[in-house]
Each structure stands twice: as structure tokens, then as C-alpha cells.
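Given the structure of chain A, go ahead and fit chain B onto it with the hints provided.
Quick mapping for you: the protein sequence lines, in order, are chains A and B. 799 is the number of the first residue of the first sequence in the numbering used here; add one for each residue after it. 31 is the number of the first residue of the second sequence in the numbering used here; add one for each residue after it.
Among the hints, erroneous ones may be present.
[Said to hold, decoys possible] Here are a few chain A residues that face chain B, going by a calculated C-beta distance under 10 Å:
(1) V802
(2) Q804
(3) Y833
(4) Q835
(5) G856
(6) F888
(7) C889
(8) A890
(9) L899
(10) H900
(11) G902
[Said to hold, decoys possible] Result set (SDA-like, lysine to any residue): computed pairs, CA atoms no more than 20 Å apart in a straight line:
(12) B/K79 x A/F893
(13) B/K140 x A/P837
(14) A/K855 x B/G125
(15) B/K79 x A/T894
(16) B/K140 x A/D836
(17) A/K855 x B/S33
(18) B/K79 x A/H900
(19) B/K140 x A/L886
(20) A/K869 x B/Q132
(21) B/K140 x A/G838
(22) A/K855 x B/Q32
(23) B/K79 x A/G840
(24) A/K855 x B/A31
(25) B/K99 x B/N54
(26) A/K855 x B/Q132
(27) B/K140 x A/L839
(28) A/K863 x A/T853
(29) B/K88 x A/H900
(30) B/K140 x B/Q75
(31) A/K869 x A/S822
(32) B/K79 x A/S898
(33) B/K140 x A/N903
(34) A/K863 x B/Q132
In short, the hints are calculated from the structure, not lab data. Note that beta-carbon positions come from the ideal geometry of N, C-alpha and C, so glycine has one too.
Spelled out from the first residue to the last, the chains are:
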Amino acid sequence: EAQVTQNPRYLITVTGKKLTVTCSQNMNHEYMSWYRQDPGLGLRQIYYSMNVEVTDKGDVPEGYKVSRKEKRNFPLILESPSPNQTSLYFCASSFTRAPSLHFGNGTRLTVT
Amino acid sequence: AQSVTQLDSQVPVFEEAPVELRCNYSSSVSVYLFWYVQYPNQGLQLLLKYLSGSTLVKGINGFEAEFNKSQTSFHLRKPSVHISDTAEYFCAVSGLMDSNYQLIWGAGTKLIIKP
Numbered sequence: 799e800a801q802v803t804q805n806p807r808y809l810i811t812v813t814g815k816k817l818t819v820t821c822s823q824n825m826n827h828e829y830m831s832w833y834r835q836d837p838g839l840g841l842r843q844i845y846y847s848m849n850v851e852v853t854d855k856g857d858v859p860e861g862y863k864v865s866r867k868e869k870r871n872f873p874l875i876l877e878s879p880s881p882n883q884t885s886l887y888f889c890a891s892s893f894t895r896a897p898s899l900h901f902g903n904g905t906r907l908t909v910t
Numbered sequence: 031a032q033s034v035t036q037l038d039s040q041v042p043v044f045e046e047a048p049v050e051l052r053c054n055y056s057s058s059v060s061v062y063l064f065w066y067v068q069y070p071n072q073g074l075q076l077l078l079k080y081l082s083g084s085t086l087v088k089g090i091n092g093f094e095a096e097f098n099k100s101q102t103s104f105h106l107r108k109p110s111v112h113i114s115d116t117a118e119y120f121c122a123v124s125g126l127m128d129s130n131y132q133l134i135w136g137a138g139t140k141l142i143i144k145p
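Excised from the complex, chain A in its bound form (with noise of 0.2 Å):
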């Protein structure tokens, strides 16, 4: 079944503790994205990737890296997690050539 697998579901850290959210689609898509959901704000991007060793930085950046090694994985990383990146956060993905977005079932962080 084609789809994009992130986990963990539900995270729940403290401040400062380094965590890692992971992405997986098997679709062989080139273009993979992460956006954070927050009520009245719709989606906003973090990052993006057209395609393995090429990311990009999304609207909201600031916090949060990624990686894209392998064409199927691209995992988001908080470094140094604060509250205000407690949201909703979904990976995405696509062929760059149709711009029709797979979607995870999102993450719920919290961060206290």
C-alpha cells in the first residue's frame, strides 16, 4: 500500500531534549516536506527536499533541521525543543513533477 509512515504518533518532551520525528514513504517520490499545523494558522512549512542531499529551508525554519540521505526517509530533528514548537507536524511527500502531496497522519508534540 503506497504511504507515508511517520513516527512516533504522539510525542511527549521536555525542553531541550534532543528528539527526532521519522518519515518514510515508499512511493519513490523526490520531493518530501515537513509542516507544523496550529489552529487559525493553517499549515506552514518547516523544510523541504526535491530529492536526496537537497533540502531546503520552509517558512518556519528556525529550530528544526532535516536530513535526506536515502530517497524514502526524511527525518525532522529538534535539537533544542521549546514549547512554542508544540504542534501538530506532518511529513509529506511527492513526484516533483505533480504537485499532489501524500500526507503522514501527523505527530501531536508537546513540549513542556
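Just chain B now, with coordinates in the frame of chain A:
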């Protein structure tokens, strides 16, 4: 720069009634247009898209949308809603010439179905 406005944050409607969710955009270039749906506790999934051709686009679950270039709108419609249509709906645009295929998102409209 492009922007997307979803004029209603919530739309309550009775079951089996018609519904229209409004989306307006601004862009200096030609665009691709999308509607995504987010059911409770799930990720977003593509409902329909306009890339070119007929301005009336049909999507999944009986939804359709009409691209109106002169009014820069892409409103979503369904003639008769069901309780299972309860969800949040997002409109998005992408510039045709945008080599990064970046999507600009509206803030979302929650569709609330009243029994």
C-alpha cells in the same frame, strides 16, 4: 507573491443540504489549485485538483470545484452532504512556473454537519 483566503473558518450545514466552501487566491502568475480534506485525527488527503483544461473539476466523495480565473476563485461544492463529510477542508495554490512546486495554503474551513 501568492496568497490564499478561505473566507469561512467554519460552515455549519444540515445533513443532505448543499454546501459551498469558498476559496479565493491572489497570484501574478498562472496557478495550479487544490482542495485537501483532513478528517479528525488523520493527515490530509487530496480531494481534487485543477491543473488545466475544464474549469469544473470533480473529486472524490461527490465534491466538485470550479476554477474562475476572472474572480480568482476555486470554490468547493457538494449538492448533498453526509455526516461523514465532517472534516476540515484546505484550499492550496501552486505557481505554474514555481520550480519548487511550493504550495500556499489557506487557513482551512471546518465543515460541521448538523443532523
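Do the hints match the structure? See the list:
1. Annotation: interface hint on A/V802 holds; nearest CB of chain B at approximately 8 Å, less than 10 Å.
2. Because the beta carbon of A/Q804 sits about 8 Å from the nearest beta carbon in chain B, less than 10 Å, this interface hint is met.
3. For A/Y833, the interface hint holds, the least distance from its beta-carbon to any beta-carbon of chain B being 8 Å, beneath 10 Å.
4. Given the 10 Å rule on beta carbons, the hint for A/Q835 holds: about 8 Å separates it from the nearest Cβ of chain B.
5. Here the hint on A/G856 is kept, as its CB sits about 8 Å from the closest CB of chain B, short of 10 Å.
6. For A/F888, the interface hint holds, the least distance from its beta-carbon to any beta-carbon of chain B being 6 Å, beneath 10 Å.
7. For A/C889, the suggested interface contact is upheld, since its CB lies about 9 Å from the closest CB of chain B, less than 10 Å.
8. Because the smallest distance between the Cβ of A/A890 and any Cβ of chain B comes to about 8 Å, under 10 Å, the interface hint for this residue holds.
9. Taken as an interface hint, A/L899 checks out: its beta carbon lies about 7 Å from the nearest beta carbon of chain B, inside 10 Å.
10. Hint on A/H900 holds. Least Cβ distance to chain B is approximately 8 Å, under the 10 Å limit.
11. The restraint placing A/G902 at the interface with chain B holds, with a minimum CB-CB distance near 5 Å, inside the 10 Å limit.
12. With a C-alpha separation of about 15 Å, the suggested pairing of B/K79 with A/F893 holds against the 20 Å cut-off.
13. With a C-alpha separation of about 11 Å, the suggested pairing of B/K140 with A/P837 holds against the 20 Å cut-off.
14. For the suggested pair A/K855 and B/G125, the alpha carbons sit about 18 Å apart, so the restraint of at most 20 Å is met.
15. For the given pair, B/K79 sits about 15 Å from A/T894 by alpha-carbon distance, which is consistent with the 20 Å threshold.
16. This hinted pair checks out: B/K140 and A/D836 have alpha carbons roughly 14 Å apart, not beyond 20 Å.
17. The straight-line distance between the Cα atoms of A/K855 and B/S33 is roughly 19 Å, inside the 20 Å bound, and the hint therefore holds.
18. Note on B/K79 and A/H900: the hinted pairing holds, with a Cα-Cα distance of about 13 Å set against a maximum of 20 Å.
19. For the proposed pair B/K140 and A/L886, the alpha carbon gap of about 17 Å is at most 20 Å, so the pair holds.
20. Pair hint A/K869 plus B/Q132 holds up; C-alpha atoms about 19 Å apart against a cutoff of 20 Å.
21. Distance restraint check for B/K140 and A/G838: the Cα-Cα separation of roughly 11 Å lies within the 20 Å cut-off, and the hinted pair is therefore satisfied.
22. Distance restraint check for A/K855 and B/Q32: the Cα-Cα separation of roughly 18 Å lies within the 20 Å cut-off, and the hinted pair is therefore satisfied.
23. With a C-alpha separation of about 19 Å, the suggested pair B/K79 and A/G840 falls inside the 20 Å cut-off, and the hint holds.
24. Distance restraint check for A/K855 and B/A31: the Cα-Cα separation of roughly 17 Å lies within the 20 Å cut-off, and the hinted pair is therefore satisfied.
25. A hinted pair counts as satisfied when its Cα atoms are at most 20 Å apart, and B/K99 with B/N54 qualifies at roughly 10 Å.
26. At roughly 11 Å between alpha-carbon atoms, A/K855 and B/Q132 fall within 20 Å of each other, so this suggested pair holds.
27. Restraint check for B/K140 and A/L839: satisfied, since their Cα atoms lie roughly 13 Å apart, inside the 20 Å limit.
28. Distance restraint check for A/K863 and A/T853: the Cα-Cα separation of roughly 10 Å lies within the 20 Å cut-off, and the hinted pair is therefore satisfied.
29. The hinted pair formed by B/K88 and A/H900 meets the criterion: a straight-line CA distance of about 19 Å does not exceed 20 Å.
30. Between the alpha carbons of B/K140 and B/Q75 the distance comes to roughly 15 Å, so the proposed pair stays at or under 20 Å and holds.
31. Note on A/K869 and A/S822: the hinted pairing holds, with a Cα-Cα distance of about 9 Å set against a maximum of 20 Å.
32. The hinted pair formed by B/K79 and A/S898 meets the criterion: a straight-line CA distance of about 8 Å does not exceed 20 Å.
33. Simply put, B/K140 and A/N903 have alpha-carbon atoms about 18 Å apart, close enough for the 20 Å limit, and the pair holds.
34. About 19 Å separates the Cα atoms of A/K863 and B/Q132, which keeps this hinted pair within 20 Å; it holds.
Of the numbered hints listed earlier, not one is contradicted by the structure.
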